[in-house]
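Participant: All the letters of the sequence shown, read from the start, carry residue numbers 2 to 380 under our numbering.
No wet-lab data here; the hints were simulated from the structure. Keep in mind the model is a prediction, meaning the values are calculated, not measured. Beta carbons: idealized from backbone N, C-alpha and C, even for Gly. Wrong hints could be hidden among the right ones.
What the hints assert, rightly or not - Calculated pairs, DSBU-like style, for lysine-lysine (alpha carbon to alpha carbon, straight line, at most 30 Å):
no. : residue 1 : residue 2
1   : Lys331    : Lys319
2   : Lys72     : Lys185
3   : Lys147    : Lys104
4   : Lys99     : Lys117
5   : Lys99     : Lys38
6   : Lys117    : Lys232
7   : Lys136    : Lys99
8   : Lys99     : Lys185
9   : Lys232    : Lys319
10  : Lys147    : Lys117
11  : Lys147    : Lys232
12  : Lys38     : Lys72
13  : Lys99     : Lys232
14  : Lys331    : Lys232
15  : Lys104    : Lys117
What the hints assert, rightly or not - Here are the computed distance ranges between Cβ atoms for each label pair:
no. : residue 1 : residue 2 : range
16  : Tyr61     : Arg125    : 18 to 28 Å
17  : Glu302    : Thr124    : 50 to 60 Å
18  : Phe54     : His254    : 28 to 38 Å
19  : Phe54     : Asp121    : 35 to 45 Å
20  : Ala282    : Glu154    : 41 to 51 Å
21  : Pro237    : Arg257    : 15 to 25 Å
22  : Arg192    : Gln376    : 49 to 59 Å
23  : Asn128    : Ala293    : 46 to 56 Å
24  : Asn128    : His254    : 17 to 27 Å
25  : Asp121    : Pro215    : 27 to 37 Å
26  : His254    : Asn296    : 50 to 60 Å
27  : Glu57     : Glu302    : 53 to 63 Å
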Amino acid sequence: MQTTNRHISQSPQSDPSLIPDVSPDNTVIFRGDGEPKTPSMMLQRLAEFDQEFTLEADSYSLGGNLEQLEKKCAEMLGKEAAVFMPTGTLANHLAIRKLCGVKPRAIVQEQSHLYKDSGDCATRLSNINLIPLAKECPYFTLEALKTAVEQSESGRVINPVGTVMIESPVRRQFGKIMPFDEMKAVTDYCRDKQIRTHLDGARLYMMSGATGIPPADYAALFDTVYVSLYKYFGAPFGAVLAGTAEFTEGLYHDRRMFGGGLASANFAAALALQGIDGFEARFNRAMAHATALFNKINALEGIKVEPFEHGSNIFPLKLGSSIDSKCFVKTLEAHAVAVSSPDGDHDRRIMLTVNPTVLRQDIPDLFCAFERAIQESQR
Numbered sequence: 002m003q004t005t006n007r008h009i010s011q012s013p014q015s016d017p018s019l020i021p022d023v024s025p026d027n028t029v030i031f032r033g034d035g036e037p038k039t040p041s042m043m044l045q046r047l048a049e050f051d052q053e054f055t056l057e058a059d060s061y062s063l064g065g066n067l068e069q070l071e072k073k074c075a076e077m078l079g080k081e082a083a084v085f086m087p088t089g090t091l092a093n094h095l096a097i098r099k100l101c102g103v104k105p106r107a108i109v110q111e112q113s114h115l116y117k118d119s120g121d122c123a124t125r126l127s128n129i130n131l132i133p134l135a136k137e138c139p140y141f142t143l144e145a146l147k148t149a150v151e152q153s154e155s156g157r158v159i160n161p162v163g164t165v166m167i168e169s170p171v172r173r174q175f176g177k178i179m180p181f182d183e184m185k186a187v188t189d190y191c192r193d194k195q196i197r198t199h200l201d202g203a204r205l206y207m208m209s210g211a212t213g214i215p216p217a218d219y220a221a222l223f224d225t226v227y228v229s230l231y232k233y234f235g236a237p238f239g240a241v242l243a244g245t246a247e248f249t250e251g252l253y254h255d256r257r258m259f260g261g262g263l264a265s266a267n268f269a270a271a272l273a274l275q276g277i278d279g280f281e282a283r284f285n286r287a288m289a290h291a292t293a294l295f296n297k298i299n300a301l302e303g304i305k306v307e308p309f310e311h312g313s314n315i316f317p318l319k320l321g322s323s324i325d326s327k328c329f330v331k332t333l334e335a336h337a338v339a340v341s342s343p344d345g346d347h348d349r350r351i352m353l354t355v356n357p358t359v360l361r362q363d364i365p366d367l368f369c370a371f372e373r374a375i376q377e378s379q380r
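Construct the entire structure; sequences and hints are all you get.
Facilitator: This is how it looks when you write it as structure tokens:
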């Protein structure tokens, strides 16, 4: 029996033949957190930035547009200061390196980028022992953290925890997040125990768009926070690490020591400044637009879009057994809607990642595209 979302009013089925012709600029791309970047597009945007604001050179990642970017990011994250980093890996590494100080033990999620995808850099280069919690889960609980801290403090040789790092959303867990209340409980406990805290907020704005909690409110819970510049702000590379003025003072020396003092990074800074402008509002509109679309799609037979528990901007789309998934993807592409192929372990499931490109088409047009895809991919 067909079920409909209670928020959707009943209306006659639309005529898929009425889908208007769309140009590549109108393609909705349910992949990635931001709009796609090409070299020619970035060159055009740099020219536009230079004409409107002027490109100002930096010297080894100091001054110029880079300094403007650092001040802007510190302000929007509610921190005293911020420092540009060429990569998020370096941002996370330098954050826990400095926060740990003389207590070189840090608690992280087992699924975190720092633990899984950074080549043990914190251990091999900074002698920091990482303690992974929440195996194959998006986050750990306060109770799990307390147990780990107590074990560190009660051994024959006391080895206290210096830092707790939380990644949220978690890429390896389909963008699932740590709930705000749990995050606050964890950071409050750490503050009472004089344990420093760092937020790997590479996709912080995705989490904020999903929960409605401002990015600065998340950042306020932590001593330091890292945000990516290239995942959705439009820069070709880069990150910012924000914290107190005392924490960031002289941090560029550590950046250079680890090979991150780029001779020039003002192009990345300019593109990020341009992309940051109005992004939060655009992404919030995109999430609302996509949610309304998914509710409407769920009135169709053979398709279901359901959010993950504690999810952010990634939504699993499940296809019925009567639908040819490859044909479904190709039909959507013909109507300027790009989605990923079904994931390897689930040939009936497609991950839809919401980003601002969803605003390129109206909901009725997007609904028609999905409706046509279902009709044309029936086995």
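Participant: State for each hint whether it applies.
Facilitator: These are the hints, each one checked on the structure:
1. Pair hint lysine 331 plus lysine 319 holds up; C-alpha atoms about 16 Å apart against a cutoff of 30 Å.
2. Among the hinted pairs, lysine 72 with lysine 185 is consistent with the structure: their alpha-carbon atoms are about 26 Å apart, no more than 30 Å.
3. Proposed proximity of lysine 147 and lysine 104 is supported: the alpha carbons are some 17 Å apart, at most 30 Å.
4. Simply put, lysine 99 and lysine 117 have alpha-carbon atoms about 21 Å apart, close enough for the 30 Å limit, and the pair holds.
5. The hinted pair formed by lysine 99 and lysine 38 fails the criterion: a straight-line CA distance of about 34 Å is larger than 30 Å.
6. Between lysine 117 and lysine 232 the alpha-carbon distance is near 19 Å, which keeps this suggested pair within the 30 Å criterion.
7. Under the criterion of a C-alpha separation no larger than 30 Å, the hint pairing lysine 136 with lysine 99 is consistent with the structure, at around 26 Å.
8. The hinted pair formed by lysine 99 and lysine 185 meets the criterion: a straight-line CA distance of about 22 Å does not exceed 30 Å.
9. Distance hint between lysine 232 and lysine 319 is fulfilled; the C-alpha atoms sit about 26 Å from each other, no more than 30 Å.
10. Distance hint between lysine 147 and lysine 117 is fulfilled; the C-alpha atoms sit about 23 Å from each other, no more than 30 Å.
11. In summary, the hint linking lysine 147 to lysine 232 is not supported, as the alpha carbons are separated by about 33 Å, beyond the 30 Å threshold.
12. Restraint check for lysine 38 and lysine 72: satisfied, since their Cα atoms lie roughly 25 Å apart, inside the 30 Å limit.
13. In summary, the hint linking lysine 99 to lysine 232 is supported, as the alpha carbons are separated by about 25 Å, within the 30 Å threshold.
14. Restraint check for lysine 331 and lysine 232: satisfied, since their Cα atoms lie roughly 26 Å apart, inside the 30 Å limit.
15. For the suggested pair lysine 104 and lysine 117, the alpha carbons sit about 22 Å apart, so the restraint of at most 30 Å is met.
16. A beta carbon spacing of about 26 Å between tyrosine 61 and arginine 125 agrees with the range 18 to 28 Å that was offered as a hint.
17. In this structure, glutamate 302 and threonine 124 meet the distance hint of 50 to 60 Å, their C-beta atoms being roughly 52 Å apart.
18. With their beta carbons about 29 Å apart, phenylalanine 54 and histidine 254 fall inside the hinted range of 28 to 38 Å.
19. Phenylalanine 54 and aspartate 121 have their C-beta atoms about 41 Å apart, which keeps the hinted 35 to 45 Å range intact.
20. Between alanine 282 and glutamate 154 the Cβ separation comes to about 45 Å, which falls inside the hinted range of 41 to 51 Å.
21. A hinted range of 15 to 25 Å for the beta carbons of proline 237 and arginine 257 is consistent with their spacing of about 21 Å.
22. At about 56 Å, the beta-carbon gap between arginine 192 and glutamine 376 stays in the expected band of 49 to 59 Å.
23. Restraint check, asparagine 128 to alanine 293: a C-beta distance of roughly 51 Å satisfies the suggested window 46 to 56 Å.
24. Taken as a hint, the range 17 to 27 Å holds for the pair asparagine 128 and histidine 254, whose Cβ atoms sit roughly 19 Å apart.
25. Distance hint for aspartate 121 and proline 215: a CB-CB separation of about 34 Å, consistent with the stated range 27 to 37 Å.
26. Separation of histidine 254 from asparagine 296 is about 52 Å and conforms to the stated range, judged on CB atoms against 50 to 60 Å.
27. For glutamate 57 and glutamate 302, the Cβ-Cβ distance of about 57 Å falls inside the hinted range of 53 to 63 Å, so the restraint holds.
Comparing the model with each earlier hint shows violations of hints 5, 11; every other hint is respected.
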